[in-house]
Amino acid sequence: MDNLDGMSDTTKYLGDASTADWAVQGKPVENNGEVLLTMEPETVGTVLASTVYMWYGNVKARMKTGTGRGVVTAFILFSDVKDEIDYEFVGADLSVAQTNYYFQGIPDYTHSENITDLSDTFMNYHDYEINWTPDEVQWIVDGQVGRTLKKSDTWNKTANQWDYPQTPARVQLSIWPGGADTNAEGTIAWAGGAIDWDSEDIKRDGYYYAAVSEVDITCYKTDSPPGTNSGTSYTYSDIRATNDTVIDGDKPTVLKSLQGTGLDMDKEDPQASASASASGTAAGVPGQNGGGPGNAGSGTSGDGATGTGSAPVCTATGFTQDCDSDSGTSDNTQNIGVRQERVLGASAFAALVAVAGMVYL
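Start counting the sequence shown at 280; every next residue gets the next number (my numbering).
Simulated from the structure, these hints should not be mistaken for lab results. Hints are supplied without guarantee of correctness; some may be wrong.
Straight-line Cα separation of at most 20 Å, PhoX-like style, residue types lysine-lysine; simulated pairs [claimed, not checked]: (1) Lys482 - Lys306; (2) Lys339 - Lys500; (3) Lys546 - Lys291; (4) Lys482 - Lys430; (5) Lys291 - Lys306.
Computed beta-carbon distance windows for the label pairs [to be verified]: (6) Glu321 - Ala438: 37 to 43 Å; (7) Asp387 - Asp523: 17 to 23 Å; (8) Asp477 - Gly285: 32 to 38 Å; (9) Asp372 - Asp502: 39 to 45 Å; (10) Asp517 - Ser297: 28 to 34 Å; (11) Pro549 - Ala473: 38 to 44 Å; (12) Gln550 - Asp396: 53 to 59 Å; (13) Thr501 - Pro320: 42 to 48 Å; (14) Val375 - Asp543: 42 to 48 Å; (15) Ala463 - Asp523: 33 to 39 Å; (16) Gly485 - Tyr388: 31 to 37 Å.
Here a beta-carbon is modelled for each residue, glycine too, at the ideal position from N, C-alpha and C.
Full structure from sequences and hints, please.
Listed below in structure tokens is the structure:
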């Protein structure tokens, strides 16, 4: 990842993963063979999300984290039903990688564990790796296993279910202001304190930043579910949204405009339609005839039991994220923790979920 090629703004990405490797919110910057995730003063930072999904497998990111109190860097897997596997880094403590996981966004904060004694994570590149199978998750730093989570240890007797991340997920890399004064006191404290928008780093560079030089995603290898990646898209057959309800199939993934949803993929943006009628020519959209890119309003992805996404290689889709604390809901208790990752429904992609493959960036 040494340039911005293959990156598309979320206000333009319509679900055709052959047109982009990453959907972007914020301002990534090229810098001597690496990409900086930047956070200018009084902003919510930058997020990169893969346009391909992975249903188990391995992902590795070579990166440097941000520095400064209140500055949070994240490298996570995040599914559309809010299954999540995390690395998070607080800029006030550059020797620790925090690891965590969530099942469908349920806010159980007993899942966090730290990998400690790392050399300065801002000054030095480290290889952060997530190895995810139907039976366990391993967090690996510089080739050394720092933590292992067994699915067998996640049984929830009360809910009669495995509280284990198990649904197709996107890779997300981000920097965000955990110490912003708009956050809850607990979040600010966790992030190392209130963020300083007038720090020496800001004065020198104009922004806080994390650096990424390489991301490697490898499909899980299996001929039968869970974990296959042979189709065009993933859908759910049941509102439970567990791995036994995931369908690796061939539903389409490309929206005609950002006003579309998984239930109405050909919906056009009224403003774009009016403009096209006036000019007599409709703006073209990659992977779709007619229509226009629309605006950045949010949509819905249906009832959670159906939806689609697209992809290159072993397939893919799109992504969108809202950094507001009140966005994104679930049939389960909403995750209201210190994490910033949130889903905006289908406003920037056609599907609820889609297939992931092997990519090397």
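Here is what the structure says about each hint:
no., hint, in the structure
1, Lys482 - Lys306, "holds, 18 Å"
2, Lys339 - Lys500, "holds, 17 Å"
3, Lys546 - Lys291, "holds, 15 Å"
4, Lys482 - Lys430, "violated, 46 Å"
5, Lys291 - Lys306, "holds, 15 Å"
6, Glu321 - Ala438: 37 to 43 Å, "holds, 40 Å"
7, Asp387 - Asp523: 17 to 23 Å, "holds, 22 Å"
8, Asp477 - Gly285: 32 to 38 Å, "holds, 35 Å"
9, Asp372 - Asp502: 39 to 45 Å, "holds, 44 Å"
10, Asp517 - Ser297: 28 to 34 Å, "holds, 30 Å"
11, Pro549 - Ala473: 38 to 44 Å, "holds, 43 Å"
12, Gln550 - Asp396: 53 to 59 Å, "holds, 54 Å"
13, Thr501 - Pro320: 42 to 48 Å, "holds, 47 Å"
14, Val375 - Asp543: 42 to 48 Å, "holds, 46 Å"
15, Ala463 - Asp523: 33 to 39 Å, "holds, 36 Å"
16, Gly485 - Tyr388: 31 to 37 Å, "holds, 34 Å"
Checked against the numbered hints given earlier, the structure breaks only hint 4 and satisfies all the rest.
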